[in-house]
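K.L.:
So you can see what is in the structure, the chains are spelled out below.
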Amino acid sequence: MSTQPNMVVGQSRAARWAFNGSVLFLCLWVLVPIYLLLSNALSAPSEVTAFPKKLVPSFDTESVEFFLYFHGVGKALWSSIKVAFITMIMSILIGAPAGYALSRFDFRGKNAFRILVLMTRAFPLPLLALPMAVMFIRVGLDDTIFGLAIVHTTLALPFAVLITYSLFSGIPIELEEAAWTLGCNRVQAFIKVIFPLVLPGIAASAIFAFVVSWNEVFAAAVLTIDNRTLPAFLLQSLDDAPLHLKFAGGAVMVLPALIFIFLVRKYLFAMWGIANR
Amino acid sequence: MQNRMLPYMLLLPATIFLLVFFVYPFTLVAWQAFATDEGELTTKYINKMASHWKFEKALTYTLVLALVIVPIQLALSLLMATLVSSMKRGRDLILYIWTIPLGISDLAAGIIWLAIFEQTGFLNSLLYSTGMIAEPITFLGYQDKGTIFLAVVLAEIWRATAIMLVILVAGMGLIPKEYYEAAQVYGANSWQTFTKVTLPLLKPSLQTALILRVILAFEVFAVVAALGGTNLPVLMGEVYNRQFVLQDNHTAAAFAMLILLISIISTVFFMWSLRTPKGASI
Amino acid sequence: MAEIQIKQVSKSFGKVVALHSIDLTIADQEFVVLLGASGCGKTTLLRIIAGLETATSGEVHIGGKRIDHLPPKDRGIAMVFQNYAVFPHLTVYENIAFGLRMAKLNQSEVDRRVNRTASMMHIEQLLQRYSGQLSGGQRQRVAVARALATEPEVILMDEPLSNLDALLRMEMRAELKGILAESNTTTVYVTHDQVEAMSMADRIAVMHGGDIVQAATPVEVYRNPAAHFVASFIGNPPMNFVPAKKIKDGLWSVAGAQISGPSSTKNELQFAIRPEDLTPKENGLLKAKVALVEPLGSHLLVSCNIENNLFRVILDSDSSISSGDILSLQPMEDRVRWFDPETELAV
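Each protein sequence line maps, in turn, to chains A, B and C.
Those letters in the first sequence? Residues 1 to 277, by this note's numbering.
Those letters in the second sequence? Residues 1 to 282, by this note's numbering.
Those letters in the third sequence? Residues 1 to 347, by this note's numbering.
Keep in mind the hints are simulated off the structure, nothing from the lab.
The model shown is predicted, which means the values in this text are computed figures rather than measured ones.
Just so it is clear, CB atoms sit at the ideal spot from N, CA and C, and this is done for glycine as well.
Hints are supplied without guarantee of correctness; some may be wrong.
Said to hold, decoys possible - To be clear about the criterion: a stretch of chain A counts as covered by chain B if any three or more of its residues have a C-beta under 8 Å from a C-beta of chain B, and this derived list gives those stretches:
1) 40 to 53
2) 67 to 75
3) 78 to 89
4) 113 to 119
5) 148 to 158
6) 163 to 172
7) 187 to 197
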């Protein structure tokens, strides 16, 4: 039982317990708060403000229904989806070619581009909302879905470039070369050989872009008024909204994220591997 | 098959996008902070920001929050990464659970911890039902800066440790197992292996994780808004108030420049302090 | 007809010169091996022929037609890669059919050719599998089948056997040689393995430092190396070298012995002989002190010392020799070669 070599945990039974105990504690630390939010969201509004609170929800959908039919929520939800969708499309369409170029070519200026991408990390990107507000008024993009999607694409693009960079790097160039020698031109080789192989990864990186946009609060709150996204809507109703509305809203925001992170979990780590150094 | 222009054509959209929507806007925001609408250079917005009664508090709270949160997260994420790397069964499941908060927005995280700390929340319910208190305590009221601060710290640790964990786990994955085995063969114990092999080889990942995390910490906003409203002023909250509520673009820009400044200082600090000598990486 | 002509091809990567001006003509249906150590430019030359790399200058002609400006697909070549490059998302069948589908052949023709090449490579039973379900040797067979299926005029092979284990490599070597001979294609084959080169090639082009040092039949390359490099690279163990001083025209002093050699204006040459071209004999010309004896089963490999030069001899396993002995050796006269130490070329 205790003969397995182990880097950190020693060989003893006590150490084994400490190891399993810490893992369990950390899992609970992550999961319990989420459970509590969902439990709130699935309780009737009267239960949400009742005291003391029960740990098991009554599975009453009144809170969620109240939230979904609350004035502005439906529209905000729809805006959120639209913005996230546009962000997803734009960051892949713009990011994937760059990732491909970085993985397949050596050229002058490659490093400069990498630095430009990595530099985005050293800047508090949500602040972009300020100058963009001015820019957008000038070009008529203020308070639009598309304008916000542009800001969100700036947030998601560096990730898209780096994920696709490591995806393409993971595919031996010989596969492409073999296709060329077998009668493909560059485009055909890409479509027939590379694309099928990177498709799952591209999908993951698209989902990641979607999540980035779905969750973004600051820029959304600054840039939109009529076209508020769900986070912006929630933020602006924090002061006056009843508790059960906040909790139901929180739950609606969290659920898709849970699913999305599950879908892309394999790629989270590829993203932060060698391409990032 | 080597087309000289092809890589540039592929990079062009991304480059243009980043120049127009990243580099240029940051010059715009600097201009807004230092120039009037008529285009005169001025320091009056900086002065206005600095003389505001919330300025000092916002700056202090932002810095102290980062100073308290980030070291705890660093230790915690290193612990988690080490636990995961020495795990044989269930590794994927545990990693998934631990990275869930990565997909949760700061606002949602704030609301989650609000469910715990608000007056009729779960913490009060727990204390009450175990008989430790006779009636619910107000944790997040106007007077309770201490508990608001604590709640924000907990929520931030809960929410944003995952990003560091992911970076560190990916980094550890790049370290060949043989290095650990070599260290053990030459007599290093677990702790020595960790400090003398893992940490030095993990330096590039630690650098990335810290730069990213500290900048995110300086941007702390929605968690604070959800838990403390305006009772706990932070820099990003001030930017939001100036820009959106008070429509004072210039002072908002001044605050933004301040955040940018401390972000750059911290980035440069980590680039310098965690630099890897050329040729010393894996 | 697919004669390959390489005319003054050179290639630099930035400041690094990978190929100096290379000239090589490969006859129709010839099997030429580019042999050399890693970094000698052999793979670069192959990739230039394939069109995967663009030459800095020079021309490549296939079948009399200049093709160095064409993309790989228009050159009438097929290529087998070192790591096989079998497409992981396609079945073996679709891998082999890939080039045929690109050429828009009709289904019955595709079927016919896939089945023919698959049976040629003995992989008929694997047609519905994916790359991940194949062993290294099977992947190798798929890669060759895929190249043959297109019935190319020229097949290019980049170290195709180097990822196989020793036994499998020997088996594939023989099989490949037979199949390629039948297929009537011109073959350019890159390897660093001299045994592979010797056993398969019609002609070996030995490359070193971005140049072709010698291009000749295997026996010629082995017996009459054109340069010091070839002599020291080919043969296991390689040729022995001992400095020679001129006594008079046509007579040289080698380690105290007088040996007749070429007439040369130079005062110093190198005497060279292969380890197996010496026989022990009383009063032999060369005296060598034995340093190490390695019994290799079929023969003994004896490392000796002649005037501080390492000198290896292959002797019969029955000889009883131990280190410290002095061997008296007689070189076989017609096997002695001479090199100029300055130009490093054969004299």
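K.L.:
Now tell me, hint by hint, if it's right for this structure.
P.N.:
To see whether the hints hold, each was checked on the structure:
1. 40 to 53: Since 7 is at least three, the answer is holds.
2. 67 to 75: With 0 residues closer than 8 Å to chain B, the stretch 67 to 75 of chain A misses the three-residue bar; violated.
3. 78 to 89: violated (count 0)
4. 113 to 119: Holds: 3 residues of the stretch 113 to 119 of chain A have a Cβ under 8 Å from chain B.
5. 148 to 158: Holds, because 5 residues of the stretch 148 to 158 of chain A bring their Cβ atoms closer than 8 Å to Cβ atoms of chain B.
6. 163 to 172: violated (count 0)
7. 187 to 197: Coverage by chain B is violated for the stretch 187 to 197 of chain A (0 residues, Cβ < 8 Å).
The structure fails to meet hints 2, 3, 6 and 7 from the earlier list, while all remaining hints are met.
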